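**Student:** One-letter residues, chain by chain:
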Amino acid sequence: MSFHYRISGLSVASELALPGAIRVADPLDSGAEVTVRRVREIAPVAAPQILGPNWAVDGDRFFLRVPRVANFLITAGNDIAMQVEQGIEESDAVVFLLGTAFGVLLYQRGRIVLHASAVLVGGSAVLFCGKSGAGKSTMAAVLNERGYAHVTDDVCCVDFDGKGRPVVLSDGRMLKLWLDAVTEIDARARKGAAVRSMIDKFYVEPASPLRVSAPPIAAIYALREQRAPLEAGIETPAPLDATQILRRGLYRARLMATMGLSATFLARVMEIQKQAGVHYLTRPFAMAAMPDTVSRLEAHWRSLGLIGTGG
Amino acid sequence: MSGIVWLASYPKSGNTWFRMLISNLATEGDRAADINDPDERMSIASARLPFEDVTLIESDLLTPDETDILRPRVFEALADGSYEVPSTLPWRNRRDWPTILKVHDAYTLTPEGEPLLRAAQGAILVVRDPRGVAPSFANHMDCPLDRAIALMASPETTFGMLAGKQSLQMRQKLLSWHAHARSWLDQEDVPVHMVRYEDLKRDTAGVFHDAMHFAGRRITRGEAERAARLADFARLQAQERAKGFAEWPSRRGFHSFFRRGEAEAWRSELSREQIARIERDHAEMMLRLGYSLVEREAI
Numbered sequence: 001m002s003f004h005y006r007i008s009g010l011s012v013a014s015e016l017a018l019p020g021a022i023r024v025a026d027p028l029d030s031g032a033e034v035t036v037r038r039v040r041e042i043a044p045v046a047a048p049q050i051l052g053p054n055w056a057v058d059g060d061r062f063f064l065r066v067p068r069v070a071n072f073l074i075t076a077g078n079d080i081a082m083q084v085e086q087g088i089e090e091s092d093a094v095v096f097l098l099g100t101a102f103g104v105l106l107y108q109r110g111r112i113v114l115h116a117s118a119v120l121v122g123g124s125a126v127l128f129c130g131k132s133g134a135g136k137s138t139m140a141a142v143l144n145e146r147g148y149a150h151v152t153d154d155v156c157c158v159d160f161d162g163k164g165r166p167v168v169l170s171d172g173r174m175l176k177l178w179l180d181a182v183t184e185i186d187a188r189a190r191k192g193a194a195v196r197s198m199i200d201k202f203y204v205e206p207a208s209p210l211r212v213s214a215p216p217i218a219a220i221y222a223l224r225e226q227r228a229p230l231e232a233g234i235e236t237p238a239p240l241d242a243t244q245i246l247r248r249g250l251y252r253a254r255l256m257a258t259m260g261l262s263a264t265f266l267a268r269v270m271e272i273q274k275q276a277g278v279h280y281l282t283r284p285f286a287m288a289a290m291p292d293t294v295s296r297l298e299a300h301w302r303s304l305g306l307i308g309t310g311g
Numbered sequence: 001m002s003g004i005v006w007l008a009s010y011p012k013s014g015n016t017w018f019r020m021l022i023s024n025l026a027t028e029g030d031r032a033a034d035i036n037d038p039d040e041r042m043s044i045a046s047a048r049l050p051f052e053d054v055t056l057i058e059s060d061l062l063t064p065d066e067t068d069i070l071r072p073r074v075f076e077a078l079a080d081g082s083y084e085v086p087s088t089l090p091w092r093n094r095r096d097w098p099t100i101l102k103v104h105d106a107y108t109l110t111p112e113g114e115p116l117l118r119a120a121q122g123a124i125l126v127v128r129d130p131r132g133v134a135p136s137f138a139n140h141m142d143c144p145l146d147r148a149i150a151l152m153a154s155p156e157t158t159f160g161m162l163a164g165k166q167s168l169q170m171r172q173k174l175l176s177w178h179a180h181a182r183s184w185l186d187q188e189d190v191p192v193h194m195v196r197y198e199d200l201k202r203d204t205a206g207v208f209h210d211a212m213h214f215a216g217r218r219i220t221r222g223e224a225e226r227a228a229r230l231a232d233f234a235r236l237q238a239q240e241r242a243k244g245f246a247e248w249p250s251r252r253g254f255h256s257f258f259r260r261g262e263a264e265a266w267r268s269e270l271s272r273e274q275i276a277r278i279e280r281d282h283a284e285m286m287l288r289l290g291y292s293l294v295e296r297e298a299i
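Protein chains in written order, with our numbering: chain P, 1 to 311; chain F, 1 to 299.
It is worth saying that the hints were derived from the structure and are not from the lab. If you're wondering where the values come from, they're calculated on a predicted model, not measured in any experiment. We put the beta carbon where it would ideally sit given N, CA and C, even for glycine. Among the clues, some could well be false.
What the hints assert, rightly or not - On the chain P side, residues computed to face chain F include the following (Cβ under 8 Å):
| no. | residue |
| --- | --- |
| 1 | Ile50 |
| 2 | Pro67 |
| 3 | Gly99 |
| 4 | Lys131 |
| 5 | Asp180 |
| 6 | Ala193 |
| 7 | Ala194 |
| 8 | Arg196 |
| 9 | Lys201 |
| 10 | Arg252 |
| 11 | Arg254 |
Excised from the complex, chain P in its bound form:
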């Protein structure tokens, strides 16, 4: 294996370069927890228990197809095989490996995966969740620029520490930002390769990398665009709504159900909700409004005791 990474707390040995993941300088000798391989062919899952339009589950094997791009087989929470379609560059397919395929692998390991970005605030993780396009990555990137260390982007793997507190398994993956966000937050110097050759979205090295391995979760914000009749601000939803936010915030929530994890998961989701506050963050999309949003967040963090009153 030529490449070694730590992704969502797991040591990964890979035959392929995984742009977007951050390499580990000294790989463990004892063998990686996850292997990533390139294969010439992936046999279809013979007798799937659950069949989606482009995916199939058979016990601990999960088959995923990205049409005209690649096929993936994720097995037993410790192996991902990728077969790239003819005429496609490997680098054009890897983004799906780090996204959906790795998400499947984490679910196979029984981990809770939120579709969220996260930054470090006073030693704790603050999460931003929301559907695609809600601004999770941009929010994290702007806070990185302000010195809040990067915890994760997109795939946020949650575990519980020895004291039963929910923690984020630090990810070590780069931000993925659309070109307009790269330009607006002036991160051009740290802009890496495009996530795919045909798409104007780029890997961006975080401005402030993380040096803590599993920070406890202090707050979870559901991002909402300020659209009529909503007003900009932070509000704390009723407990039932908070549960709904977290359930919808699960990474590819349907995966969880297809893998028979629902009951256990819901109990743990409730536990996350109990220990880490869930809030709505409603703000205008325009980048010009970002300073106001950051001030509002910092005021909230002071009120939660995450940062000192000095700033």
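Start from chain P and add chain F according to the hints.
**Tutor:** Then chain F, alone, in the frame of chain P:
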């Protein structure tokens, strides 16, 4: 199996108004449905969420053509009930009623040669005089009228494609105004019930009643009349003035979404030259749909 019925239209042809009529079937007493209740991003065929829920793939990591390859599978999952659009609206979750789903896409083929929108059991196609569409389209796109007229004439016109940034929805091929209408009227996969915006203005309850019956929702005449009253254009405008409209983000500035809603307003909004250009661009389809050409008569 509850099925889906498309509510298909070129943009600015009364689709949102029609959906407000449907929403008002579910309210009680004299209470009008809130214009901010229907969630645009979920209740349109180009929404990202159902796509990602069904395929497990992040839509903005795919090219528009790659998303088109998978979109028919998403519509099938919606049609056979294996996936349900998350919704708070009670009428949408009534299992004996088909889901009525807004779509602006033209009826096109995917890169694999498969019809993109075949999964529905029917389509209500709302069409509007292109001379009425143009001023409203310009308002929507925040562009000059001449630009809107050019977009409506171009076979390349799309929604949901922004350079360098994410668009709210996935790419939708609109085609030109006439090619859009033709794509729906001339396909043979999905039965079409055509509604002219102008007829809906003239006899809202009657036209709405018949369209709902086509869609498998057997509403009474009285229910249609009540919905027509509650979703009256002036009432929709009043709601927008009071609270704003979520489908019309504040970044669009001061223009309002519910603009005039008058079928014949174009006569004062367009120049003779603009009217002539629209009629030249779309004459054949306009005549097919019963829109007479004024400039041709004049010339």
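**Student:** If a hint holds in the structure, say so; if it doesn't, say that too.
**Tutor:** Structure-based check of each hint:
The restraint placing Ile50 (chain P) at the interface with chain F is violated, with a minimum CB-CB distance near 10 Å, outside the 8 Å limit. Taking 8 Å as the C-beta contact cut-off toward chain F, the hint placing Pro67 (chain P) at the interface holds, the least distance being around 5 Å. With 8 Å as the threshold, the beta carbon of Gly99 (chain P) comes within range of chain F, its nearest partner Cβ sitting at about 6 Å, so the hint holds. Interface hint status for Lys131 (chain P): upheld, as the beta-carbon distance to the closest one in chain F is roughly 6 Å, under 8 Å.
Contact between Asp180 (chain P) and chain F, as hinted, is supported at the beta carbon level, the nearest pair being about 4 Å apart and thus within 8 Å. Checking Ala193 (chain P) against chain F by beta carbon gives a least distance of about 14 Å; that is not within 8 Å, so the hint is violated. Annotation: Ala194 (chain P) was flagged as interfacial toward chain F, and the flag is violated, the nearest CB pair being 11 Å apart, outside 8 Å. Residue-level restraint check for Arg196 (chain P) holds (minimum Cβ-Cβ distance to chain F is 6 Å; threshold 8 Å).
With its C-beta approaching chain F no nearer than about 7 Å, Lys201 (chain P) sits inside the 8 Å limit, and its interface hint holds. For Arg252 (chain P), the shortest C-beta to C-beta distance to chain F is roughly 5 Å, which falls under 8 Å, so the interface hint holds. Hint status for Arg254 (chain P): holds, given a least beta-carbon distance of 5 Å to chain F, under 8 Å.
Of the hints listed earlier, those the structure fails to meet are numbers 1, 6, 7, in rising order.
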